[in-house]
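Protein chains: 2
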Amino acid sequence: MALRPHLKTAKSVQVGRMAVEGHDGRITVSTLAEARYFAAGGFRDILYGVGIIPAKLPAITELRRQGINLRVVTDNLTVARSIADAARGGDTFSVFIEIDSGGGRAGLPFPDMPGLIDIARVLHGAPGVELAGVMTHAGHSYHQSTPDGIAAVAEQERLAIVTAAEKIRAAGIPCPIVSGGSTPTATWSRDFTGITEMRPGVYVFNDLDQALIGSCGPEDLALSVLASVIGHYPHRNQMLVDAGALALSKDVSAQEFQPKVGYGTIAHAPSKDMAVVECSQEHGFVASSDPMPYGNMPIGTRVRILPNHACITAAAYDRYYVVDSDLDGGKSIVDIYDRINGW
Amino acid sequence: MALRPHLKTAKSVQVGRMAVEGHDGRITVSTLAEARYFAAGGFRDILYGVGIIPAKLPAITELRRQGINLRVVTDNLTVARSIADAARGGDTFSVFIEIDSGGGRAGLPFPDMPGLIDIARVLHGAPGVELAGVMTHAGHSYHQSTPDGIAAVAEQERLAIVTAAEKIRAAGIPCPIVSGGSTPTATWSRDFTGITEMRPGVYVFNDLDQALIGSCGPEDLALSVLASVIGHYPHRNQMLVDAGALALSKDVSAQEFQPKVGYGTIAHAPSKDMAVVECSQEHGFVASSDPMPYGNMPIGTRVRILPNHACITAAAYDRYYVVDSDLDGGKSIVDIYDRINGW
Numbered sequence: 001m002a003l004r005p006h007l008k009t010a011k012s013v014q015v016g017r018m019a020v021e022g023h024d025g026r027i028t029v030s031t032l033a034e035a036r037y038f039a040a041g042g043f044r045d046i047l048y049g050v051g052i053i054p055a056k057l058p059a060i061t062e063l064r065r066q067g068i069n070l071r072v073v074t075d076n077l078t079v080a081r082s083i084a085d086a087a088r089g090g091d092t093f094s095v096f097i098e099i100d101s102g103g104g105r106a107g108l109p110f111p112d113m114p115g116l117i118d119i120a121r122v123l124h125g126a127p128g129v130e131l132a133g134v135m136t137h138a139g140h141s142y143h144q145s146t147p148d149g150i151a152a153v154a155e156q157e158r159l160a161i162v163t164a165a166e167k168i169r170a171a172g173i174p175c176p177i178v179s180g181g182s183t184p185t186a187t188w189s190r191d192f193t194g195i196t197e198m199r200p201g202v203y204v205f206n207d208l209d210q211a212l213i214g215s216c217g218p219e220d221l222a223l224s225v226l227a228s229v230i231g232h233y234p235h236r237n238q239m240l241v242d243a244g245a246l247a248l249s250k251d252v253s254a255q256e257f258q259p260k261v262g263y264g265t266i267a268h269a270p271s272k273d274m275a276v277v278e279c280s281q282e283h284g285f286v287a288s289s290d291p292m293p294y295g296n297m298p299i300g301t302r303v304r305i306l307p308n309h310a311c312i313t314a315a316a317y318d319r320y321y322v323v324d325s326d327l328d329g330g331k332s333i334v335d336i337y338d339r340i341n342g343w
Numbered sequence: 001m002a003l004r005p006h007l008k009t010a011k012s013v014q015v016g017r018m019a020v021e022g023h024d025g026r027i028t029v030s031t032l033a034e035a036r037y038f039a040a041g042g043f044r045d046i047l048y049g050v051g052i053i054p055a056k057l058p059a060i061t062e063l064r065r066q067g068i069n070l071r072v073v074t075d076n077l078t079v080a081r082s083i084a085d086a087a088r089g090g091d092t093f094s095v096f097i098e099i100d101s102g103g104g105r106a107g108l109p110f111p112d113m114p115g116l117i118d119i120a121r122v123l124h125g126a127p128g129v130e131l132a133g134v135m136t137h138a139g140h141s142y143h144q145s146t147p148d149g150i151a152a153v154a155e156q157e158r159l160a161i162v163t164a165a166e167k168i169r170a171a172g173i174p175c176p177i178v179s180g181g182s183t184p185t186a187t188w189s190r191d192f193t194g195i196t197e198m199r200p201g202v203y204v205f206n207d208l209d210q211a212l213i214g215s216c217g218p219e220d221l222a223l224s225v226l227a228s229v230i231g232h233y234p235h236r237n238q239m240l241v242d243a244g245a246l247a248l249s250k251d252v253s254a255q256e257f258q259p260k261v262g263y264g265t266i267a268h269a270p271s272k273d274m275a276v277v278e279c280s281q282e283h284g285f286v287a288s289s290d291p292m293p294y295g296n297m298p299i300g301t302r303v304r305i306l307p308n309h310a311c312i313t314a315a316a317y318d319r320y321y322v323v324d325s326d327l328d329g330g331k332s333i334v335d336i337y338d339r340i341n342g343w
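Protein chains in written order, with the numbering used here: chain R, 1 to 343; chain C, 1 to 343.
To be clear, the hints were calculated from the coordinates, so they are not data collected in a lab.
Worth double-checking, as some hints may not be accurate.
Since copy identity is lost for identical chains, a pair holds within one copy or between any two.
[Said to hold, decoys possible] List time: in silico SDA-like cross-link candidates among lysine to any residue, alpha-carbon distance up to 20 Å:
| hint | residue 1 | residue 2 |
| --- | --- | --- |
| 1 | Lys-56 | Arg-302 |
| 2 | Lys-56 | Gly-89 |
| 3 | Lys-56 | Thr-301 |
| 4 | Lys-56 | Ala-40 |
| 5 | Lys-56 | Asn-341 |
| 6 | Lys-260 | Asp-273 |
| 7 | Lys-260 | Ala-287 |
| 8 | Lys-56 | His-232 |
| 9 | Lys-272 | Ser-289 |
| 10 | Lys-56 | Gly-300 |
| 11 | Lys-56 | Leu-226 |
| 12 | Lys-56 | Thr-92 |
| 13 | Lys-56 | Ser-94 |
| 14 | Lys-56 | Ser-228 |
| 15 | Lys-260 | Asp-290 |
| 16 | Lys-260 | Glu-278 |
| 17 | Lys-272 | Arg-236 |
| 18 | Lys-56 | Pro-298 |
| 19 | Lys-272 | Leu-57 |
With the sequences and hints as input, model every part of the structure.
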């Protein structure tokens, strides 16, 4: 099975190159800005994994004419016809049909998948258009927190896309790629039969949410936000740090499994349940179940905050400072990786 | 009374210049990056409104040596002493003492304000250090939604800083500036006696939260996110748009007063309560209390989404496209304003 990592998490060519090392180099992106950036960084097989609209086809064509196999996704017959129309001028497209395997986001809902064969016929029948395959994202795996629960979602994911591919093939239409993927299902699936590639993303960094649902261990979180203690408030057993809603994001997905993580926990915290429990734009409110250790954490103390959701927190930054150890105050930055933000 | 707008909302010199038009040009910022950017843009009296720490003093000095009156804030005796020490080398500082007027974020908690006079004495007694005054942010005004409720918070705000200033003056120490401010209290306060400046911020754009609490009318929202319909899902009466958690932010502050706003409402919506009710990174789930008008909103339809909290949503972008009318597809962009993000 091939790996097509979703690089929307890191949005960084340096991380992307590490992710595809030992694999064939195919990747997934979530914006046209990422597609252009990774194309410029040498990536050639790129799946733009958010439902395409006709107005974006010229941007797709622009990269495809440069030799980038930028592939698109649809679940809509009208859009499929627009793609077929756009290809009449001599341009080519490579298209995935998206299946909703139970997550309830994009895709033709399994098991009915209404219109699946109609869309497949329009794409397959259009000169210059390749029906690349079927794809799904089992986003509902994020709401399971046991290997058994995630494995059950993984089996739904597999069944949906393998069934879709079989239906298309039964109609006499090739369906070469059967693409699944999420970090939890890639980690805990017990059967990949029929799947040809997986597209996990957040595994490149991991985060509190992934640790809590069991995709990684508590020591496997590669991303943190460096902040400073800026205030002591003994009358309410809190401190403030200079990292708030913009530095951490307001994503609290991990609270589904552990409300005490707040907007992020303090790495190597000197007291119990130390976390950012509230945020304003540039202020983070740090609380603890223990008395706050003010003596050990004077104003100016640097702390590392582990985020709920790495993809969303990282988006506040235009680069990564790669360090070898924690709480070093920036003294052992060994590399800087860039990022592509925006659209 | 002077206006010292908090430019953390817009983070844009063009907006900043409009905000200070007819006033004396003093502003507030929330990051050192903003301070440098607005200084380069010609602003000379800048309050860095997030509690200062000693490690940031060299950056303050660097701008002050360029003739920028970059002022800082503290509520901590140890920090006050560090500022006094830093001034011994001949550099100058202008410092506000922060008061907690009831919001429970930074500041010496009113009415006790423990250490107020000690901090004032250290700052006033240090050659090269000016005690500029006292300041507060009545953040709790955001949780009121009636003129009376907000006016009550405004009176707490006024009482806290005016009392603090009087205590300092009673100790024989000058306290020239008495600085309050939030958009709701600036709008609904009934008595500004003793206050010398106000620091509202979000009023430059307004947002769903401000509209719901009554700081502005429903037609006063200047900021929106332009997105496209990318999918139709009649089996669950939803659409998807290509604006998700990164484009809108995960701030849901306005849900405190109206849960149906979700992550943002659709401007000029053709059906009832049409809003982004769920977000993944690049997907927004649009729902409505009515049957979804798919026929009027084919794939590719552009929609404008009004955000919960303008300050947080705007931070995902590096510029503003200034348009004259809604839903114009970008055809009447009359200007582009830049922004400073990061720290």
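Q) Which hint numbers does the structure go against, in order from smallest to largest? A) Structure breaks hint 19 only.
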